[in-house]
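2 protein chains.
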Amino acid sequence: MAKGNEFSGRLEWRINVPDGTSKTLVPESGIIQKSCRRLQDVVVGITLRIWSFLHKAWEIGVNEPKKFFHCLKVGMALSLVSLFYYMRPLYDGYGTNAIWAVMTVVVVFEYTVGATLCKCVNRAMATFLAGSLGIGVHWVANQCGENFEPIVLELSVFLLAAAATFFRFIPSVKARFDYGLLIFILTFSLVSVSGYRVDKLFEMAHQRLSTIAIGVSICIITSMLFCPVWAGQELYSLINRNLEKLADSLDGCVAEYFTDDGTKEDSSKNLQGYKCVLNSKATEESMANFARWEPAHGSFNFRHPWKQYLKIGSSMRNCAYCIETLNGCISSEIQAPESLKKHFNDVCMRLSSHSSNVLKELGNTMKSMTKSSKTESSVREMNFTVEELQSALKSLPYQLALFTSPALEASNNGKDEAPTEPSKVPLLEILPVTTVASLLIEIAARIEGIVEEVDELANQAEFKPASKKGSKEPAK
Amino acid sequence: MAKGNEFSGRLEWRINVPDGTSKTLVPESGIIQKSCRRLQDVVVGITLRIWSFLHKAWEIGVNEPKKFFHCLKVGMALSLVSLFYYMRPLYDGYGTNAIWAVMTVVVVFEYTVGATLCKCVNRAMATFLAGSLGIGVHWVANQCGENFEPIVLELSVFLLAAAATFFRFIPSVKARFDYGLLIFILTFSLVSVSGYRVDKLFEMAHQRLSTIAIGVSICIITSMLFCPVWAGQELYSLINRNLEKLADSLDGCVAEYFTDDGTKEDSSKNLQGYKCVLNSKATEESMANFARWEPAHGSFNFRHPWKQYLKIGSSMRNCAYCIETLNGCISSEIQAPESLKKHFNDVCMRLSSHSSNVLKELGNTMKSMTKSSKTESSVREMNFTVEELQSALKSLPYQLALFTSPALEASNNGKDEAPTEPSKVPLLEILPVTTVASLLIEIAARIEGIVEEVDELANQAEFKPASKKGSKEPAK
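Which chain is which? The protein sequence lines are A and B, in order.
Going by numbering that gives the first Met the number 0, the first sequence opens with residue 0, and the numbers climb by one from there.
Going by numbering that gives the first Met the number 0, the second sequence opens with residue 0, and the numbers climb by one from there.
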C-alpha cells in the first residue's frame, strides 16, 4: 500500500512494508538531490575522519606529554636558528651558507638525546671527512689537466658513493654510522661537483663547518636542557614496564583458566600485556643503540651496560612465547573437566603467583637498582612449587580413579573393550590440564633465564647490595 | 731457581716454576720493547678486525648480489646528476640551486623501488606545499609592516614546525608521510627565512622545484630500469621463504625428538628457521608499506592486497611461537622413556609431516599464484592425523600397563603404597610426550589459521583456480 504525504514542506511517497514500517519512495528524477546527499555523505565522512584523527592526536598528546614537549622543542630550536639568520651582521658574514644551520637543525633534531647526539656526531664527522677528501680529490683532478679533470671527479664520485652505500648494508655499521655515510656521500658529491666551479673551496668548507657547528650546538643544548628524553631512561622504563606486563599476563592467563568466567572481563586487558613484550624488540634495539651515545644521566653512568638490557629483553621474549602458547591452549576448544581443574587449581595458581612474584621482584631490583635479597628466596619458592606441581601430576592417577564420571566410563566402554581397571583413565580429558601444567613448568624455567640476565646486569652495572633489614620487612 | 741464558742474541732471565716449565723474566727497563710489542698487538688486532669486516662485506656481496648492484646504481645515478651539473649551459641557468638535484639523488635513492617512489612523492609534494605556504606566510608578514614581519615569520615557523613534528608521532601518518613532513618543515623554514632576504622568491621556488624534478626523475629511472628491486616482490619472497622455513623447522623439531641422536647435526640449521619468522615482523611491515607505492610489476597489479601478506605473516608468527615452545620442551631435562616415545613416534611424525605438507602446499599456492586443489586434501589429512593422535592419547593407559618397566614400578612402590593397579601409571614420565603431542595439535590448529589467511589472499588477489589434472598428478 502506498500513500502520499506532505512532510517538512515537500511531497514524499511512502510505501508500507510487511513488517509494519514504511519506506520513503525517492523519485528517480532527483539527480540533484542524489548528488547533494552523496556530497553530504562525503563531507560527513571526511569530517568524521578528521575528527577521529584529531582525537587520536589528542590522545597521544595527553598520554605522552613528552612527545608534546618534543614538538615545542623542535619549534623552539628552529625559531632560535632562524633568529640567528635574521641578524644582519651574522648573515653578511655567512651569506647563503647560513641555510645549512637551519637544515642541520631540521634533520638532526630527534626525539631522544642519544639519537640527536648520534646524528650530530655523524653529521659533523662525515662532513669533515668528506670535505677533506673532496678537496684532496679535487686537487688531484686539477693536476691531471683540464680534459681529465671531469673524468677523475666523476670516477671518484661513482666509486666512493658505491662503496659508502655498500657499507650501509653491513648491520654493525648501519646501526651506528648509517646517517654519517649518507652525509659522507652527500658532502663528497657536493664538494667535488661544486669545486669544479667555485675556486674558494676552503672558505666554503670553513663556512659550512661553522654553520653546521651552530646548528649542532643549538640542537644539543635544546635537547639536553629542556625536558630531555634520554634513550637510556626510555629503554630502562620499557624493560621495567615489560617485566610488570609479563607478570600480569601470566597471572591473568592462569586465573582465567582456573577461576569462573565472572572475572574474565577485568583481566582481558592485563592478559594481552605479553604481546607488548613480543613486539618490543625493534624499539629495544634502537634505544640501546642510541643510549650508547649519551653522557651520564640519572643513575646511569657513561659506560652503563646497555647491551645487557637487550639480553634481558630477549629472555623476556622467550618467556612471552611460552605465555602466548599457554594463552592459546587455554582458549582451545577441548577443556578439562571441572573436577580435574580443581585438583590443579591450588598448586597452579600458587606456581603462577610465585612466578609472577619473581618477575615483580626483578622489577623491584631494576627500579631500585639494588640487588634484592628477596629474589633468591622467591626463586626458591617458585622452584619448590614446581616440585609440588610435579608431585601433583604424579599423584594424578590416584585422583582419576575418584574423579572418573559415569558418562566417561560409558563412552570409553562403548569404544573399546577395556581389559583391566586402568583403561578407564580418560587421558585425552586430562591432556589440557597437564599441558597447562607443563607449560607453567617451562615458563618457570624461562623465568630463571631472566633472573640470570638481571643478575648479570646487576654485576655489570654494580648495583648496590641490598640492606638486609629494609628489604626483608617492608612497611605495612 | 733462576738462570740466565743467551737466546736469539739478547740476554734473557728465566725462572723455573714448580710445574717443570720456565718463565722468561722480562727486565723492567725494556720499555721500548714493551711498547713495541703492545704496538704490534694493536696493529695485529686492527688488521684482524679490518680483515673480518672485509670478509663480512664480501659475504654480503656474494650472497646478495642485488645489494651489490644497488651500490653501483647509486654511483651511476650520482655520476649522472653531477654530469648534468658539469654542463655549463644548464649550470648557468640554475646557478647554485643545481646542488639540490645532487642532494635529492643522495637522499631519495633507496634500496627498493617502492621506498624510492615513496620518498620521491613525499619530497616533491612536501616541497610544493611548504613552498606555497611559505610564500603565502611571507606575503602576510610583509603586509604587517617591517616591525612585525620577523615576529610573524618566527611564530609561523614555530607553530608549523611543532605541528608537523607532532604529526610524525601518529603511526598511520609516520608510516607513509614521515619523510614528507620532515621536508615540509625544512622547506618552510628555508623559504620563510630566506624570503626575508631574497626578493625573487618565485624564481627560486621554480628553480628549486625543477632541480628536484631532475633529481627525482634520475632516481626513478635508475631504480626502475636497472635490476629493479621491488618491495612487493621482496615481501612475497620473504613470506614464501618463511613458509618453507616454518615447515622445515617443524619437521626438524619433531624428528630430533623422536629419532636417535645421529641425525641431530644435519637438522640443527633447519631447526632454527622459525626464528627468522619470529624476527621478520618489522621487515614485513616496511616492505608492505613501500609495496603500496609501486606500479604493477611481475605478477602483481597496482592494487595487489599487500596488507593481506601482513596477516599471513602474523598467523605464521603465531605458529612459530608454538614451535618455539615445542623446541623448548624438546630440549628440556625431563625426557620420556624410549618405550613411550616409540608408541607416539609413528603418529607424531606423520602429524608433523602432514602439517609441514600443508605449509609446503601453501608455499606452492603462493609461488604459482594458483589456488591449489591439494591444500584442502592435505588439511583433511592433517586433521585426520590429529584425530589419530588424539585416539593414541586415549589408548595410552592400556599401553602404559604394557610399558611400565620394573624400575619405574620399584620407584613408585618405594614412595607411595599403591592401593590399586592404576597407581603405577607414571604420569610425570609421560608428561613430556603428551605435552609434545598437545603442542603438535595446537600447531595444527594454528596452521589452519595460516590456511585461512592464504585463502583470503587467493580471493583478494584473484588467484587462478587450479587445473585439476595438472596439480593432482605431478610429473615424476
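It cannot be assumed that every hint is accurate.
Sample of chain B residues at the chain A side, in silico, Cβ under 10 Å [stated by the list, open to error]: (1) I49; (2) F52; (3) C70; (4) L71; (5) A76; (6) S78; (7) I134; (8) W138; (9) N141; (10) G144; (11) L158; (12) V172; (13) A174; (14) L325; (15) L392.
Quick caveat, the hints were computed from the structure, so don't treat them as lab data.
These figures come from a predicted structure and were not determined experimentally.
Cβ coordinates follow ideal geometry from the N, Cα and C atoms, glycine included.
So, going through the hints one by one against the coordinates:
| no. | hint | in the structure |
| --- | --- | --- |
| 1 | I49 | violated (13 Å) |
| 2 | F52 | holds (7 Å) |
| 3 | C70 | holds (4 Å) |
| 4 | L71 | holds (6 Å) |
| 5 | A76 | holds (8 Å) |
| 6 | S78 | holds (5 Å) |
| 7 | I134 | violated (16 Å) |
| 8 | W138 | violated (18 Å) |
| 9 | N141 | violated (15 Å) |
| 10 | G144 | violated (16 Å) |
| 11 | L158 | holds (7 Å) |
| 12 | V172 | holds (8 Å) |
| 13 | A174 | violated (14 Å) |
| 14 | L325 | holds (8 Å) |
| 15 | L392 | holds (5 Å) |
Going through the hint list in order, the structure does not satisfy hints 1, 7, 8, 9, 10 and 13.
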